[in-house]
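Peer 1: Those sequence lines, one after another, are chains A and B.
Plus 71 on top of the position in the first sequence (first one is 1) and you've got my numbering.
Plus 71 on top of the position in the second sequence (first one is 1) and you've got my numbering.
Bear in mind the hints are in silico, worked out from the structure with no lab data behind them.
Just so you know, even glycine gets a beta-carbon here, dropped at the ideal spot from N, CA and C.
Mixed in with the good hints, there may be bad ones.
[Claimed, not checked] Sample of chain B residues lacking proximity to chain A, with all beta carbon distances greater than 10 Å (derived): (1) GLY257; (2) THR288; (3) GLU321; (4) ILE324; (5) ILE335; (6) ARG398; (7) LYS424; (8) ASP442; (9) LYS443; (10) ASP446; (11) ARG460; (12) LYS498; (13) GLU504.
[What the hints assert, rightly or not] The following label-pair restraints were derived from C-beta to C-beta distances: (14) MET251(B) x MET528(A): 52 to 60 Å; (15) ASN372(A) x ASP446(B): 55 to 63 Å; (16) LYS498(A) x ASP256(B): 26 to 34 Å; (17) ASP446(B) x ARG535(A): 21 to 29 Å; (18) SER327(A) x LYS347(B): 43 to 51 Å; (19) ASP256(B) x PRO561(A): 33 to 41 Å; (20) LYS347(B) x GLU536(A): 54 to 62 Å; (21) TYR351(B) x GLY425(A): 31 to 39 Å; (22) ALA337(A) x PRO255(B): 24 to 32 Å; (23) ASP256(B) x MET505(A): 27 to 35 Å; (24) PRO295(A) x PRO284(B): 19 to 27 Å.
There are 2 protein chains.
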Amino acid sequence: MEMFGDNSCPPPCNTLGFLQKNNSLDDKGRLAGQKNLLSCDNSDRDARFRLTETDFSNLFARDLLPAKNGEERLSTAPPRCWTSTTLTSSWRVWKASTWSCPTSLSPWSRSWWTAGTRSSMASGQVTHDSSTSCPLVLTSSVWLESGSPPLLTPTCKFTYEIAPVFVLMEQLTLKKMREMIGWPDGEGDGLFSPGGAISNMYSVMIARYKYFPEVKTKGMSAAPRLVLFTSEHSHYSIKKAGAALGFGSENVILLSTDERGRVIPADLEAKIIDAKQKGYVPLFVNATAGSTVYGAFDPINEIADICEKYNLWLHVDYIKTYIKLCRANSVTWNPHKMMGVPLQCSAILVREKGIMAGCNSMCAGYLFQPDKQYDVTYDTGDKAIQCGRHVDIFKFWLMWKAKGTIGFEQHIDKCLDLSQYLYNKIKNREGYEMVFDGVPQHTNVCFWYIPPSLRGMPDGDERREKLHRVAPKIKAMMMESGTTMVGYQPQGNKVNFFRMVVSNPAATQSDIDFLIDEIERMGNDL
Amino acid sequence: MEMFGDNSCPPPCNTLGFLQKNNSLDDKGRLAGQKNLLSCDNSDRDARFRLTETDFSNLFARDLLPAKNGEERLSTAPPRCWTSTTLTSSWRVWKASTWSCPTSLSPWSRSWWTAGTRSSMASGQVTHDSSTSCPLVLTSSVWLESGSPPLLTPTCKFTYEIAPVFVLMEQLTLKKMREMIGWPDGEGDGLFSPGGAISNMYSVMIARYKYFPEVKTKGMSAAPRLVLFTSEHSHYSIKKAGAALGFGSENVILLSTDERGRVIPADLEAKIIDAKQKGYVPLFVNATAGSTVYGAFDPINEIADICEKYNLWLHVDYIKTYIKLCRANSVTWNPHKMMGVPLQCSAILVREKGIMAGCNSMCAGYLFQPDKQYDVTYDTGDKAIQCGRHVDIFKFWLMWKAKGTIGFEQHIDKCLDLSQYLYNKIKNREGYEMVFDGVPQHTNVCFWYIPPSLRGMPDGDERREKLHRVAPKIKAMMMESGTTMVGYQPQGNKVNFFRMVVSNPAATQSDIDFLIDEIERMGNDL
C-alpha cells in the first residue's frame with residue numbers, strides 16, 4: 072500500500088487544456104506541438120482522458136453558458152465538471168480540475184505580478200496574456216455549488232484547492248498593498264472582505280484578540296470595560312462594529328475635530344486619560360485618512376505617538392488614496408473607492424502575521440483537513456468570519472494589470488485636479504459659501520448654495536432653517552429631472568450642505584461647469 | 072420661495088430612455104410615438120435635454136465599456152453620468168438618473184413578480200422582458216464610485232435613491248421567501264448578506280437585541296452570561312459568531328445528535344436546564360435544516376416546543392431546500408446553495424418587522440437624511456452591518472424569472488434523485504460502507520471506500536488508522552489526475568469518509584457511475 076507522504080506535493084502539472092472524455096484521436100495532433108510553461112501532458116496517467124490545448128481566442132460567451140435545464144449538451148465534447156463536493160456537469164466549457172500545488176504556482180504568480188503592475192498593459196492583452204492569469208483561472212478553479220464558471224461568477228474562496236489562482240492573487244496583492252503602505256517587506260496578514268464596514272469590524276476584533284485573546288473563548292465578560300476611539304467625522308461603521316462586537320456603542324468615544332474635520336490629538340489624549348480615570352481600558356484608536364464628508368486626513372503621526380505612549384491599537388481607515396501608514400497596526404483599504412474598482416473590493420491589512428487565524432479560526436473538520444496533500448496554510452477560509460467568500464480580487468488584479476500603478480495614480484490625480492477646479496470656481500462666486508476655509512485635503516468639496524432670496528438675510532435661526540432646506544430641495548429637483556445628483560448632509564451644528572466628491576477621472580471641467588449651472592438653475596428661485 | 076412639502080413625491084416619471092445632451096432634433100420623432108408605461112416625456116422641463124427611447128436589442132457589450140482612460144468619448148452621444156456624490160461620466164451608455172418614487176415603482180415590481188415566478192420564462196425573453204426589469208435597472212440605478220454600469224457590476228445598495236429597482240426587488244423577494252417558509256403574509260424583516268456565515272451572525276445579533284437591547288449601547292457587560300445552543304453537526308459559523316460578537320465560543324454549547332446527525336431534543340432541554348442551574352441565561356437555539364456533512368434535518372418542531380417553553384430565540388440555518396419553518400424567529404436561506412444561484416447570495420429572514428433597523432441603525436447623517444423627498448423606510452443601509460452592499464439580488468431575481476419556482480423544485484428533485492441513485496448503487500456494493508444506515512435525508516451521501524487490502528482486516532485501531540488515510544489519498548489522486556474531486560472529513564469518532572453532495576441538476580446517472588469507477592480505479596491498490 073503506497074501512499075504519498077504527509078503533506079507531500081504531487082509533481083506540478085499545470086495546463087491550459089481542458090480534459091475531454093470524448094476527444095477524437097485527431098486532437099492528439101493539436102496537443103503535441105503546443106506545450107508551454109503552463110502545460111504538461113498527463114495523458115499517460117489515464118487512457119480515457121487526454122489533454123487538449125484550449126484556444127481562448129475561439130471561446131465565445133455562449134461556451135460559458137449552462138446547458139438548458141441540464142438536458143441539452145454539446146454533442147462534440149460533452150463536459151464533465153466535478154467540484155470538491157458537488158457534481159457540476161452542466162457547463163459546456165469544462166473545468167477539469169488541473170491541480171498545481173502552491174509552491175509550483177507561486178513563482179508564476181510572482182512573475183505575473185512583477186511583469187505588469189507599474190505601467191499599464193495594452194487593453195487587448197489583458198484577457199489573453201498569461202500574466203493576467205485569465206487562462207489559468209479558467210482551468211484551475213473549482214466551480215462550487217452552482218457550477219458557475221469562474222470568469223462569470225467566481226468560485227468561493229475558503230481553501231487553496233477550490234480557487235488556487237485566486238488565493239495566490241489575493242496573497243500577492245495583499246503583500247503588495249502592505250508594501251505600499253510601508254510595512255517592511257510587505258509582511259503581515261490580511262484578507263479581502265465584503266466592504267469597508269466589515270474590514271473596520273475585523274480591525275476591532277483583531278485588536279481585541281491581540282490584547283485580550285481570552286475574549287474569543289470566554290466572551291467580553293473576560294475583559295475589563297474596553298473603550299474605542301474614533302473621530303466624530305469618521306465612518307459610522309466603527310460605532311456599528313462596537314455595537315455588534317459587544318463593546319456597546321457608548322464605549323465608542325467620539326473625538327473632537329478641528330475646523331477642517333481632523334482629529335485634535337490633544338483631545339484624544341485627554342479622553343484616554345479620562346477613560347482610564349474612570350477605570351475603563353482604552354484599546355483601539357481609529358484614524359481616518361480621507362474622511363467621508365470633509366475628505367479630511369487625521370494627523371496620523373501624532374495619533375501614533377499617543378497610541379504608542381498608551382499602548383493602544385492604531386487602525387487607519389484609509390478610504391481615499393496612497394499614503395504611507397507604517398505606524399498603523401491595521402489598515403482598511405478600499406479599492407472600490409478612489410481606485411475605481413467595482414464594488415465590492417475592500418481589504419483589511421494587519422501588521423502582525425498570523426493574527427487573523429488566531430482571532431477567527433474554529434478549525435472546522437469538514438473544510439480544513441490537516442491531511443491534505445499541500446501546505447494548508449494556503450487555506451484562507453478559517454481566518455475569515457465568512458465561510459465561502461465572493462472573489463473580489465480578480466477584477467482588482469485585472470484592473471491593476473490594465474492600468475498599472477501609474478494609471479491608478481493618474482486616475483486619482485485627475486480627480487484631485489477636478490475638485491480643485493470646482494473649489495476655485497465657487498470659492499469666491501456669488502451665491503456660494505464654503506463649509507471650511509482653504510483648499511480641500513482630498514476630492515471632497517463641501518459648500519452651501521445660497522439662493523438669491525437668502526443672500527441679504529442676516530445670520531440667525533430663520534436663515535439657518537431656510538438654508539437647511541435648500542440642498543434637499545435642489546437634490547430632489549435634480550433627481551426628478553435626472554440631470555445630475557449631488558449628496559448633502561448636515562454635520563455637527565452646520566445645516567445641510569452639498570458634498571461633491573469627484574471619483575471618476577473621465578469627468579471634465581465642463582462637467583463641473585455643468586454642475587454649477589444646474590445648481591444655480593434649480594436653486595435660483597428658491 | 073416654493074418648495075415641495077416634506078416627504079412629497081414628485082410625479083412618477085419613469086422611462087426607458089437615456090438623457091442625451093446632444094440629440095439632434097430628429098430624435099424627437101423617435102420619442103413621440105414610442106411612449107409606454109415606463110416612459111414619459113420630460114423634455115419640456117429642460118430645453119437642453121431630451122429623452123430618447125433606447126432600443127436594448129441594439130445595445131452591445133462594448134457600449135457598456137468605459138471610455139479609454141477617460142479621454143475617448145462617443146462623438147454622437149457624449150454621455151454625462153452623475154452619481155449621488157460622484158461625477159461618473161466615462162461610460163458610453165449613460166445613466167441619466169431616472170427618478171421614480173417607491174410608491175410609483177412598487178406596483179410594477181409587484182406585477183413583475185406575479186407575472187413570471189411560478190413557471191419559467193423563455194430564455195430569450197429574460198433580458199428583454201420588462202417583467203425582469205433589466206431595462207429599468209439600466210436607467211434607474213446610480214453608479215457609485217467607479218461609475219460601473221449596474222448590469223456589469225451593480226451599484227451598492229444602502230439607499231433607495233441609489234438603486235431603486237434593486238431595493239424593491241430585494242424587498243419583494245424577501246417577502247416571497249418569508250411567505251414560502253410560512254410566515255403570515257410574508258411579513259417580517261430581512262436582508263441579503265455576504266454569505267450564510269454572516270446571515271447566521273445577524274441572527275445571533277438580532278436575538279441578543281430582542282432580549283437585551285441595552286447591549287447595543289452598553290455592551291455585553293449589560294447582560295448576564297448568555298449561552299447559545301447549536302448541533303455538534305452544525306455549521307461552524309454559529310461558533311464564529313459567538314466568538315466575534317463577544318459571547319465567547321465556550322458559551323456556544325454543542326448539542327448531541329442521533330446516528331443520523333439530528334439534534335436530540337432531550338439533550339437540548341437537559342443542556343438548557345443545566346445552563347440555568349449554573350446561572351447562565353439561555354438565549355438562542357440554532358437548528359439546521361440540511362446539515363453540512365450528513366445533510367441532516369434537526370427535528371424543528373420538537374426544538375420549537377422547547378424554545379417556546381424556555382422563551383428562547385429559534386434560528387433555522389436552512390441550507391438545502393424548501394420546507395415550512397413557520398415557528399422560527401429567524402432563518403438563514405442561501406440561494407447560492409441548492410438553488411444554484413452563483414455565490415454570493417444569502418438571505419437573513421426575521422419574523423419581527425423592523426427589528427433589524429433597531430438592532431443595527433446608527434443613523435449616519437451623511438447617508439440617511441430624514442429630509443429626502445421619498446419614504447426613507449426604503450433606505451435599507453442602516454439595518455445592515457455593511458455600508459454599501461454588493462447587489463446579490465439581481466442574479467437571483469433573473470434566475471427565478473428564468474426557471475420559475477417549478478424550475479427550482481425540479482432542479483432540487485433531480486439532485487435528490489441522483490443522490491438516491493448513488494446511495495442505491497453503493498449501499499450493498501463490495502468495498503463500500505455507509506456512514507449511517509438508511510436513505511440520506513438530503514443530497515449528501517456519506518460513505519467509506521474500503522480498499523481490497525483492508526476488507527479482511529478486523530475492526531480495530533490498525534484498520535481505523537489505515538482507513539482514515541484512504542479518502543485523503545484518493546482525493547489527492549483525483550486532484551492530480553484532474554478527473555474529479557470529492558470531499559472528505561472525519562466526524563466525531565468516525566475516521567475520514569467521503570461526502571458526496573449532488574447539487575447540479577445537469578449531472579446524470581452516468582456521472583455517478585463514473586465517480587464510482589474512479590474511486591475504485593484509484594483506491595484499488597491502496
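Peer 1: Against this structure, judge whether each hint is valid.
Peer 2: Outcome of the hint check:
1. GLY257: holds (25 Å)
2. THR288: Nearest chain A Cβ is 5 Å from THR288(B), so the label is violated.
3. GLU321: Since the minimum Cβ distance to chain A is about 5 Å, GLU321(B) lies within 10 Å and the statement is violated.
4. ILE324: Its Cβ never comes within 10 Å of chain A, the nearest being 13 Å, so this holds.
5. ILE335: holds (21 Å)
6. ARG398: Nearest chain A Cβ is 26 Å from ARG398(B), so the label holds.
7. LYS424: holds (21 Å)
8. ASP442: violated (5 Å)
9. LYS443: With a cut-off of 10 Å, LYS443(B) comes too close to chain A, as the shortest Cβ separation is near 7 Å.
10. ASP446: The claim holds: ASP446(B) sits with its nearest Cβ about 13 Å from chain A, beyond 10 Å.
11. ARG460: Given a closest Cβ separation of 7 Å, the condition is violated.
12. LYS498: Holds: least Cβ distance 19 Å, greater than 10 Å.
13. GLU504: Consistent with the label, GLU504(B) stays out of reach of chain A, its closest Cβ about 18 Å off (over 10 Å).
14. MET251(B) x MET528(A): 52 to 60 Å: holds (57 Å)
15. ASN372(A) x ASP446(B): 55 to 63 Å: violated (46 Å)
16. LYS498(A) x ASP256(B): 26 to 34 Å: violated (55 Å)
17. ASP446(B) x ARG535(A): 21 to 29 Å: Once the Cβ atoms are compared, 26 Å apart, the range 21 to 29 Å for ARG535(A) and ASP446(B) holds.
18. SER327(A) x LYS347(B): 43 to 51 Å: At roughly 46 Å between Cβ atoms, LYS347(B) and SER327(A) fall inside 43 to 51 Å, so the hint holds.
19. ASP256(B) x PRO561(A): 33 to 41 Å: holds (38 Å)
20. LYS347(B) x GLU536(A): 54 to 62 Å: This hint holds: roughly 56 Å between Cβ atoms.
21. TYR351(B) x GLY425(A): 31 to 39 Å: At 32 Å between Cβs, range holds.
22. ALA337(A) x PRO255(B): 24 to 32 Å: Since ALA337(A) and PRO255(B) have Cβ atoms about 57 Å apart, the given range 24 to 32 Å is violated.
23. ASP256(B) x MET505(A): 27 to 35 Å: violated (51 Å)
24. PRO295(A) x PRO284(B): 19 to 27 Å: Given a distance of about 23 Å, which is inside 19 to 27 Å, the answer is holds.
Against the hints set out earlier in the document, violations occur for numbers 2, 3, 8, 9, 11, 15, 16, 22 and 23.
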